[in-house]
Amino acid sequence: MSDTAASFAPVAAPTGEPIRLAMQRLWLTGRVLPAGARLTVQHVFRSGEDKPLEVIYSFPLPRDAALRAFRITGEAFEAHSELRRTEEAVKTYEQGIADGSLSTLARQYGDGVVNLTVGNIRPNETVTVYLEVLAGVELRDDGFRFRFPFTLAPAYHPRMKAAVVAEGEGEMELPPSEFGDMILPRFREDAASLHEVGFDLSILHQLPIEEIGSPSHAIRVRQDRVALATEKDVPNRDLVLDVRFKETAVQVFAGASGEGKRAFAAVVPSTRFGVNTEAARRTVIVLDRSGSMEGAPIAQARKAIEACLAALSESDSFGLVAFDNQVESMSAGLLPGSRENREKARAFLSQVDARGGTELARGFLEAARMLAGGGDVLILTDGEVSGTEQILAQARNAKIRISCLGIGSASQDRFLALLARETAGVSRFVTARERVDLAAVDLFASIGRPVASGLKASANVQPEPQSVVFAGTPVLLFGETEADPGAVELTWDGGRLNLPLPSGDGETGHTLRLLQGSRLITDWESRYPSEEALAPLEKRKQSRVGAKLLALSQAYGLASREMSLVAVVKRAGDRAGELPETRVVPVGMPQDVKFGAYFGAPAGGAPMAACMMPAMAPPTSAPMARKAFGMLSRVRASEDKDAALSVDPLMDLASELEPDGGMPGDSDSVRAARSVAAVLALVAAGHTLTGGAFRSHVARLVKFLKLAGGVSAGERALIGRAIEAASSGAAPRGDWLALARAPGATWPRIESTWRAGFNPRGA
Amino acid sequence: MSDTAASFAPVAAPTGEPIRLAMQRLWLTGRVLPAGARLTVQHVFRSGEDKPLEVIYSFPLPRDAALRAFRITGEAFEAHSELRRTEEAVKTYEQGIADGSLSTLARQYGDGVVNLTVGNIRPNETVTVYLEVLAGVELRDDGFRFRFPFTLAPAYHPRMKAAVVAEGEGEMELPPSEFGDMILPRFREDAASLHEVGFDLSILHQLPIEEIGSPSHAIRVRQDRVALATEKDVPNRDLVLDVRFKETAVQVFAGASGEGKRAFAAVVPSTRFGVNTEAARRTVIVLDRSGSMEGAPIAQARKAIEACLAALSESDSFGLVAFDNQVESMSAGLLPGSRENREKARAFLSQVDARGGTELARGFLEAARMLAGGGDVLILTDGEVSGTEQILAQARNAKIRISCLGIGSASQDRFLALLARETAGVSRFVTARERVDLAAVDLFASIGRPVASGLKASANVQPEPQSVVFAGTPVLLFGETEADPGAVELTWDGGRLNLPLPSGDGETGHTLRLLQGSRLITDWESRYPSEEALAPLEKRKQSRVGAKLLALSQAYGLASREMSLVAVVKRAGDRAGELPETRVVPVGMPQDVKFGAYFGAPAGGAPMAACMMPAMAPPTSAPMARKAFGMLSRVRASEDKDAALSVDPLMDLASELEPDGGMPGDSDSVRAARSVAAVLALVAAGHTLTGGAFRSHVARLVKFLKLAGGVSAGERALIGRAIEAASSGAAPRGDWLALARAPGATWPRIESTWRAGFNPRGA
Amino acid sequence: MNEYLTLAEVAEAAGVPARTIRFYIARGLLDGPIKAGRGAAYTANHLARLERIKSLQSEGRTLSEIGRILGGVEAEQAAAAPTAWWQHAVADDVVVWTRADMSPWRTRQVRAAIGELARFLGKERKE
Amino acid sequence: MNEYLTLAEVAEAAGVPARTIRFYIARGLLDGPIKAGRGAAYTANHLARLERIKSLQSEGRTLSEIGRILGGVEAEQAAAAPTAWWQHAVADDVVVWTRADMSPWRTRQVRAAIGELARFLGKERKE
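Residue numbers (my numbering), protein chains in the order written: chain A, 14 to 776; chain B, 14 to 776; chain C, 5 to 131; chain D, 5 to 131.
Hints may be right or wrong, so weigh each one.
What the hints assert, rightly or not - Here are the computed lysine-lysine pairs in the PhoX-like style, where the Cα-Cα straight-line distance is at most 20 angstroms:
no. : chain 1 : residue 1 : chain 2 : residue 2
1   : C       : 39        : B       : 174
2   : A       : 64        : D       : 39
3   : B       : 607       : B       : 174
Rather than coming from a laboratory, the hints here were simulated on the basis of the structure.
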């Protein structure tokens, strides 16, 4: 007996299989505010087998998230969870299982991973769990990005084991000594046969919305609602939603939160503080070269770093570190941002290829060593690591400011947000399908030179705000007050701000209080020592952190590692003592991460490997050499174009800046002319002295032009107008980009183009 | 020498390859109106090789589309196309090639396929072609759907040849006798290594917008602009944009179009005409079972048909036809919509599997035979056929009304829109990732019973409007008038409507005139006989159609098969007589269509097939049997769930309706009680007597309830209130769905649920 | 007739569009012009080859097949080129081989037939 | 101690959570209870097996490996289970075999090394 259909089509047809999904559907609804989101996640479980099931679904929490409660419904019942101490919740759950009752447990583990376990689902019974989750968002001055994980990314751990257990299905195990009885799902390369996912969310806002978008999913937008536009989707990436407001302004939300108190949240844009100083920058860029970065992510990251370095002047200094499970530095210490050193960096980057494990801490510890005199670290990573509490502890001890650019389709958002926050840095998260280089340049432009430091808030604010503020990233404050109307007071070195609290409804107040709680719980969760490190000191710390978490859970009514959610439903005909069969819900490999990056080969399975190899036509080795050296050859555009990279002239232009801030050229005159054209090209694309990802580049060009010598009076006038344009954001029409990049650009051409630009013709 | 990277990872890494893309980028911009779209498609070409190239890019036109002009730019030139008779344009192009000049030709072939050929692109030269395209949209009463093809779908032709030419790359050839020198691209299974695509469009509208969405792409929405949210995308599916207005109302656009004339377009919603009559329906559903429908499309289509049939009463009659390159009918003639016949249909459908070619005409000709006494045909197909002009000729001759539900991710939108329009039917197009069943039920509800017939428009309207109007689909009128302000006059059997024309700007007027022209050209293009059929009569017809197309092209300044666009650019250093190397730009296989559906196996290549097969573990044959019979087992929800189908209780409910319109049940009392619950379940989900996809089902339930006997006075009152709800759209809260589907639902439970629903508790 | 022809002349004489001729050259069905650069460059051999291609096409051959038949660059490989077959293990004791280059719709039908066979044989074996 | 233990008692005694024990049973690492339904159903054998699993885990074995070592349901297959290797044709005359179940980061490093070897051998051959 054999399946001829399958033999005909070597690719397994997912629809033809007899699929018995233990979990069939995961649907996200709720409201998203700039201060955070209040979500309900619907999980539909079903036993399609002829015995009762115990189904385990593992998922990672979003950033700054905590579970509040769940409601469970079936054909003839509805029940609500109770929040209990974890040990007790497990006992209640187990008793329910022993009694044959439908039992549900939501328990949080390290790294913010949750196991949702539903036991004693009867054959053909459908059980739906509605789980309420509070979560944070990634704030920007002009809006925010909301991420919700629809899959759990496999994550590196030095002692993990990974193996292929079936075709396109991988299994990963973490040491139980550290991770307890947490159960990880299997990872499917093709997520199409897994449970369906989708969403329908509303946006709550004070400022008018300019743009709503999703780089991750097909959406439909209806005023303040965003929903999946297709019937369903597959669980192989985060939902990413972007909301941009029409203006940049302070937003304060408040409302009664019970017992005569009012909860509030304030979002203060960085523009309310000050401007960048011109101090010299000391920066080490740390690049994750682990295997999971292979392909688009590392290619994007390398491109991004080159663009970042072009924003440096000779008085700035920088370092470059690449890590997998080994660390390599470009140099022993920091180097000035000279042309030679940037060339050196380019050469170094060209040899960096995705390779081994993700020993993140080794990367930033090397950077910390190089930055002994102070400065900033910018890490480009997919953050796919586990045991993050240990890494966070090392980061805190290193006493350096770490900013992160997360690159990936499945969220390590929670971890990277914590890593930046706990070290007083900032973080951004993008998918490899977006402009990673642009995001990196933007982030790089804001770190290194905070717009405010010594920030403090009035006593009613908790947690304490980060003491430094970076351009582009607002300050988010949570608090509770008994005064009505009340206010929040912010002070910083050289400035202060008083924010009166508006009145607001109780639902808003309640939500804000919960968001504050989940933020506090997340912060304390990150201080939880790994179970392994049970030295007496650690033990004491653990019990201190545990006690704090327990208190927070009780105060806010939110789950944590110390308190879990449990519900037991007695149904007619429950049979005690029956053993349910355990089923672990598989998840999809994150989009753009290669299955082979984690799951190398079948473990002790069929000896198919040897057969498959020779059947492939032997390709030449040329691609490999090209891959290593081709990507960074920016000068000769004649090189083969890498599929992962789009030709981006603006990025290329920015990379051409000399350390003195000007464009290259044979003579001072050509350099000045090209620099004028470069300013105008950047201004025309929306980048000015103060705005746009290339704002540092504009500033450096302007600085160069101000000092430019060997120019005539007329040329001097053009330079003046270009500098004006860099402030005003208005540039005449013209192909400035081509002029800026033309080695032979001359003043007469600049002048004639300028004149033509003010005398526009039809397109 | 061997590539060890590739041997390590059996899956070919697309980013590691040295790619020399002849076309690098395709970007769509422009404005979309309810009356059509005016678009600019940017194509970036480049020779990455050491010799000049002649690059051929093939693409299908959107619906009702025509090319207007192109602009071509390079490092030191910009040129505009001229519109010339095709023969002359080809000569000009060839002379340019012989002279070594950069030559560009845009020429249209049958099936609306265009070859854009750019010759003599020098090594490392970048050439950009901006092509202006006018196109139609799919109108609905409350908005419209815009589709733009980013790939060319492989299409069935009885004499086509298809073969795999490289791993994951297929080639298709059509008989030159019929298709001339048109060159088809190769089809790549994985589109990731192809040129990048994207879009940025603005919506022009009179009515306020309720919702903008895209089931096909990740978008960002900014007031009236919709753009791709990621950096780029891959060319393996159409762009699909949905725009829904806040209200359903007549929209009239107008503007000066030159020579003292004014062009206009009017969109008249079907709701302005009348309502469905209750006449008995005669419908044949025709299902495409061709190989390209394999997987999600055919599964979705079968589910949809079952739901459609549930809307039939015993006085209706229906037929069911399935075709590939053979035709099978459920019965010789039409059958009444009885329960037995619906069971018969179910059994018939369960044996229908995707299989052979796409002989569409055979399918509808069989339907026409069955409908000798008049009636409607509804075709569910992906429309992936070529030689469509011949099929359209057969459809016109068959003298039946054909409505189409197109299912697919790559557009045969143009053809299916023509097929429906030329036979006075309606068409809808969905992707297999959307709710195909819902779209089918909606379409099925409107065909069969037109809301108006005998429709005529005043003389200034061209083309003549379709004489019948169906619920849900508005009438679109184009015209030109010399009068100012002027009006359009519509009359139909029993009604009339006068639409005064507003004033409008010249740009709008010009665009409307071009949209009218492209609509007229598309209509006449569809009448072009295939070159093969050159009998004297056909020849005369061809020259008549040719003359008409030539006249239209000249009058409107738009390309057609008779007139093409050409530009020759002389550059410094052109060398005459050099032979450019021809490169055909490959396209991506449409998403959700299996590569193997067209490209079965390597043609005379490496004998790898025999090696690959035995390496696979032999699966059991169980999946196959399940696939055939499992999909339609709707009564026992305990069946294995097919991955392609989501559990949809509403659809299942609708399928349960008995031919008398009521829910099933053991007694009249139970039947009436369940029917009340079913009405309320449908109303709660937004379906009423007049709106929503399930409006026919609501109507049939109401009809049944009006006649229901054996009920008490109290029950009669509940029935009355349910009927009221079906009109008003307001239903009390409650799990009506569960009650409607519970075999033991009783009146007391209905009553208590109703009472509880008016006394709402918190969620 | 001159000894040498221009591309336009060859196209005219063979009734094959010039663009198609360049396409054939790029695909290796036809040799390039014997003289590069300005001036006449094609010969009667090109014409004859084009006639041969047209006649093979009218017999229903694909360009790939024609390439193999005409030899040229690919001659040696083509001669040695094996025929590809798919192997279907229908049951433990029955194997069906099908030609790999059959048309896709024919393939579908054959697949369905083999499916039936497999189901039948599977049942038989169970009894 | 009774002859029969409840799941809770086994869990307590072995220091393995009950849910984990059920997971092991579902994975075939441990036999199910010897008596179904209400009442005590596990024995000292279960306890011993759990101890064995714990000790193998602390040696760094994965559950899959432990399953094979412990035999049980999979014993026969496991005994005959071959070891999987990847074959890398580094050059015409050099083939490298690598164990298929090495850890992924080790795999990456080995790949890089083989890549270097291949590039070197490739160059050598050309000269």
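Structure-based check of each hint:
Distance check on the hinted pair: residue 39 of chain C and residue 174 of chain B sit about 35 angstroms apart at the alpha-carbon level, beyond 20 angstroms; violated. Proximity of residue 64 of chain A to residue 39 of chain D is assessed by CA-CA distance (about 16 angstroms); at most 20 angstroms being required, the pair is judged to hold. The hinted pair formed by residue 607 of chain B and residue 174 of chain B meets the criterion: a straight-line CA distance of about 17 angstroms does not exceed 20 angstroms.
In the structure shown, a violation is registered for the earlier hint numbered 1 alone.
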